[in-house]
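Could you put together the complete structure from these sequences and hints?
Residue numbers (numbering that gives the first Met the number 0), protein chains in the order written: chain A, 0 to 356; chain B, 0 to 177; chain C, 0 to 502.
It is possible that some hints are incorrect.
Examples of chain C residues lying across from chain B (beta carbon under 7 Å, computed) [said to hold, decoys possible]: (1) Gln432; (2) His436; (3) Ala493.
Now the in silico label distances, taken between C-beta atoms and shown as ranges [to be verified]: (4) Ala484(C) - Ile90(B): 54 to 60 Å; (5) Ala25(B) - Ala462(C): 36 to 42 Å; (6) Lys480(C) - Lys37(B): 24 to 30 Å.
For the record, the hints were derived by calculation from the structure and aren't laboratory data. All C-beta atoms in this analysis are idealised placements derived from N, C-alpha and C, irrespective of residue type, glycine included.
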Amino acid sequence: MNSPVQASPHALTQRTSGRIMALVMVALLPATLAGFWQFGWPAFCLWLVTVASCVLAEALCLQWAGKPVAPVLADGSAALTGWLLAMSLPPWAPWWLGVLGGAFSIVLAKQVFGGMGCNVFNPAMVGRTVLLVSFPVQMTQWVSPALIAQGTDLAQAVSIGLHGVATDAMTSASLLGHVKTELGRGIDLAGAMVAFAPDQAYTGARPGSLGETSALAIVAGGLFLVFKRVIGLRIPIGYIAGLCLPAAIAHAAAPDAFMPAGAHLLSGGALLCAFFIATDYVTSPSAPFGQWIYAVGAGLLTWLIRTWGGYPEGVAFAILLMNAATPLLDLWARPRIFGRRVGGKPLAARRVQEPLR
Amino acid sequence: MEQMITAVMSLTAIGSGLGIVLGVAARRFAVEGDSRVKEVEDMLPAANCGQCGFPGCAGAAEAIVAGTASPTCCPPGGKVVALAIAEHLGIALDADEVDDVPLIAVIEDALCIGCTKCYRLCPSDAIIGAMKQLHGVFEDACTGCNQCAEKCPTGAITMQPLPLTVGTWVMPKPALAA
Amino acid sequence: MAHLVIPPIRRLLTRWGIHPDARKHPAAGLDIVDAGLPPLLVLPLAQQAGAPARPIVRIGDHVLRGQCVAEAAGPISAPVHASTSGTVIAIGEAPMPHASGLPGLAITVRPDGEDRWIERAGEPYPIRLAPEEIARRVAEAGVVGMGGAAFPAAVKLALGQRSVIDTVILNGSECEPYLSCDDRLMRENAADIIEGARLIMRATGARRVLAGIEDNKPEAIDAMKVAAHPYPEVAVVRIPSRYPMGAERQLIYTLLGVEPPAGGRAADVGVVVHNVGTAAAVWRALRHGEPLIERVVTVAGGALAAPRNVRARIGTPLYWLIERAGGLTREPARMVVGGPMMGVAVSDLDTPIGKGASGVLALTSAEVGEREPSACIRCGSCVTACPVGLMPLEMANRIHAGELGQAEDIGLRDCLTCGACGYVCPSRIPLVQYFAHARGELASRERERHRLDHVRELTEARAERVEREAREKAEAHAKRKAERAAAQAKEAAAKARDEEISA
Chain A
0 MNSPVQASPH
10 ALTQRTSGRI
20 MALVMVALLP
30 ATLAGFWQFG
40 WPAFCLWLVT
50 VASCVLAEAL
60 CLQWAGKPVA
70 PVLADGSAAL
80 TGWLLAMSLP
90 PWAPWWLGVL
100 GGAFSIVLAK
110 QVFGGMGCNV
120 FNPAMVGRTV
130 LLVSFPVQMT
140 QWVSPALIAQ
150 GTDLAQAVSI
160 GLHGVATDAM
170 TSASLLGHVK
180 TELGRGIDLA
190 GAMVAFAPDQ
200 AYTGARPGSL
210 GETSALAIVA
220 GGLFLVFKRV
230 IGLRIPIGYI
240 AGLCLPAAIA
250 HAAAPDAFMP
260 AGAHLLSGGA
270 LLCAFFIATD
280 YVTSPSAPFG
290 QWIYAVGAGL
300 LTWLIRTWGG
310 YPEGVAFAIL
320 LMNAATPLLD
330 LWARPRIFGR
340 RVGGKPLAAR
350 RVQEPLR
Chain B
0 MEQMITAVMS
10 LTAIGSGLGI
20 VLGVAARRFA
30 VEGDSRVKEV
40 EDMLPAANCG
50 QCGFPGCAGA
60 AEAIVAGTAS
70 PTCCPPGGKV
80 VALAIAEHLG
90 IALDADEVDD
100 VPLIAVIEDA
110 LCIGCTKCYR
120 LCPSDAIIGA
130 MKQLHGVFED
140 ACTGCNQCAE
150 KCPTGAITMQ
160 PLPLTVGTWV
170 MPKPALAA
Chain C
0 MAHLVIPPIR
10 RLLTRWGIHP
20 DARKHPAAGL
30 DIVDAGLPPL
40 LVLPLAQQAG
50 APARPIVRIG
60 DHVLRGQCVA
70 EAAGPISAPV
80 HASTSGTVIA
90 IGEAPMPHAS
100 GLPGLAITVR
110 PDGEDRWIER
120 AGEPYPIRLA
130 PEEIARRVAE
140 AGVVGMGGAA
150 FPAAVKLALG
160 QRSVIDTVIL
170 NGSECEPYLS
180 CDDRLMRENA
190 ADIIEGARLI
200 MRATGARRVL
210 AGIEDNKPEA
220 IDAMKVAAHP
230 YPEVAVVRIP
240 SRYPMGAERQ
250 LIYTLLGVEP
260 PAGGRAADVG
270 VVVHNVGTAA
280 AVWRALRHGE
290 PLIERVVTVA
300 GGALAAPRNV
310 RARIGTPLYW
320 LIERAGGLTR
330 EPARMVVGGP
340 MMGVAVSDLD
350 TPIGKGASGV
360 LALTSAEVGE
370 REPSACIRCG
380 SCVTACPVGL
390 MPLEMANRIH
400 AGELGQAEDI
410 GLRDCLTCGA
420 CGYVCPSRIP
430 LVQYFAHARG
440 ELASRERERH
450 RLDHVRELTE
460 ARAERVEREA
470 REKAEAHAKR
480 KAERAAAQAK
490 EAAAKARDEE
500 ISA
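And the structure:
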């Protein structure tokens, strides 16, 4: 018999990898549109350039490696990486930042490991971290709300994209950066926290990364993914718990030195991370218990880095650290096998005792 | 200057101390011969068929341990023996690369003259027969060592792969770069 | 009185399995029709799990419907009976439903058209028979598990004589998509099933019967409840629809909340599970003395004109069944015997159906979901889907790397090969094929290792024998030499004495 073996099952779900990526992109739309609306044309152009850079880098790598290009690009994973990276960049960052970040993400964090599914670290977060460490000034220039109110046009966007934001007068600090600076100067938290306005955090009218500012839009997209069963609830809940519980305890103990949990949750990339970045399939554990450890660990690390680290924001570092633990978690935190104990020994035979009626 | 002398002296002391320990250990715990040769020989089928090109299974075991022969050099042992030896000696071996078609002797009925040469030669008693009688091969006992085929005066014996049945068929590995 | 048993919350909260498209219609809504008599019936000898049956007829023999043509060969085996009267025209290889596509042995019967029964010994009140007698007659009738695994039913009935069985579970879950043969059987022949279940209960010494039926078959549940009404020991339980609910251990867990230990049997927790079709066959075997020679088969799939359930004789070839379902409307991408999740793809339409064939499916390319596999995105869908808590992606990774031992360490042996992981995989990685390959490869290596051990023993024994023979020969030679020498010496001495005397 020369015909190739047709192994079971002879039926298949409609959900393909490309479809999953598309659903994630749909879920990212509200937060992205909120970012565009908030930060205007420069943000849109930066997003476009970053996504294009990632797709191009992926295509070149595949071509170079002699792998098929079109089918791999069609699944949209490179575009999604670029999208997530753009979401975490300052909205008025110069274009070269996006291009460089995209190339780093795809080449250094994805293709070098062997491409789709083989990377250990979240490509978007590797890209962001490389940029943050290499270009700290450009990566922390947040547009001031005053400037946002003036409105933007395409010409201005091109100018910003090519030359960057010229003066410090046009930028302001994000809440986390502001608090860190003020605490460092010896000013107590109450004074530093004046800048924090929860209602602005919901809609996104505040300085911050492109896609991080509107909490409502992010949560809406995240819940859409949960509803569509693209992601589970374990990682978002675990991450938020890991971040907020220690924050709440510390704040209760010393309100002057530690930010409240709500401020932690609503500032920086915490929510984006909980729903979109920590849930990245490739770099997060696939076993349920492992997911809990991973998510709580990432949340806790985020809080630790924000509170005591050198950088005001710790999401990217926390995710990368937990990414490194993922292979171990998948090995050690395997689910219990049916009919066996957690260690792998068969269960003792237990007879049915209770009568059913 | 004093610090430098301290550093040099202490490193010298540590180095020579460890060197002495190693030297003593090497003398004290020296092993006569290589025990692995015997272990590998025990894993081989002991047919002494010579297909590997070495004088008997002992010779092959020596060569494998010395690294001059591959664990896959034993055709009668096939994949199972190769993998077992590779694991025992810590040699990396890709299971897919091992040619694994166990061959067994098949006697062509029309050509067999019942000379009993093969029957007397077979190292594992896999051939049954008597003078002037058609000889037969026990599939389960044949290692495919080819000695009988070489001695057969009429060329009635050939080495052929075991026929595939539903019971021995193995689902092929998916050909996919996952 | 039949009850609804509400499973504890814990069981409802555990997540395993998948919800594939059921696709049971239109076949599930139509009556079972008789498939009629094909021109040739091919009776496979290896229809059951265990040893193939041994033929007891010869080519040219005339056989009657229900006559035994091959007897059970060993403790786990089952006899095969002619499914109509006719002449045995061949005993040899025929195409078989097996993933390898390799042929298997079969007895081919050409029907004479009279369809004459052999003399049947029915029992008006079979429930009065002794348990051993029930098991013996079921074995004689060649009844095997009709859910797909085709394990000889009598072996499970005899379990009661060795271990204490508390509960008989009737498996009416029919969780595979497309299949509705059990559904139709429960709707149309519920009484046979319930009576058969009571016989199984009697044979195993159990005190109750639980019939688990998925909630997507309300008519079957109603019919079974009506049939079970007179018997307080028989309960019909509605269970959630989920694949693979029909897997023995998963069904036991859903109904009773106990997990049979890995590597053990259902009997370890005092349970024995039988398919509803098996129960009906048991009843027919005892009440009417009819061996298992026909079964209900779902003939369905997108490439068929009129999918429906047919009552087909064992040995009916696929093309005949396809014709009964209106014929093909287009070239199917795959022909499958069994369900789409665990069935076997076949390419030869002369392949006959066996006792375990619950379905014959002609699937279109869209239904099969033929796609090129792509890289694993580690989405973890397979981990969620796995009913036994394995990590299919990790196992496949290790097998791909050739590390079969590692795959075994993380649970390869516990895999049911149910196909839930393969179904949900968005990258269409042939996970089940990986596992089947790894298991086959490990088993093959094990066989080869045994063979080599055996050969080494023979070789050593021969070497020893050759040495002993040489030694004995040498000894005998030496002995003869010594004897000769002694004789010569004696002779010489005698001669000397003679000379002395004469001197």
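The hints, checked one at a time:
A hinted interface residue such as Gln432(C) counts as satisfied when its beta carbon comes closer than 7 Å to some beta carbon of chain B; here the least separation is about 5 Å, so the hint holds. At a threshold of 7 Å, the smallest CB-CB gap from His436(C) to chain B is about 4 Å, leaving the interface hint in force. Nearest Cβ of chain B to the Cβ of Ala493(C): about 43 Å, over the 7 Å cut. The hint is violated. Between Ala484(C) and Ile90(B), the C-beta spacing of about 59 Å keeps the proposed range 54 to 60 Å intact.
Restraint check, Ala25(B) to Ala462(C): a C-beta distance of roughly 38 Å satisfies the suggested window 36 to 42 Å. Taking the beta carbon of each, Lys480(C) and Lys37(B) are about 39 Å apart, not inside 24 to 30 Å as hinted.
Hints 3 and 6, counting from the list given before, are not met by this structure.
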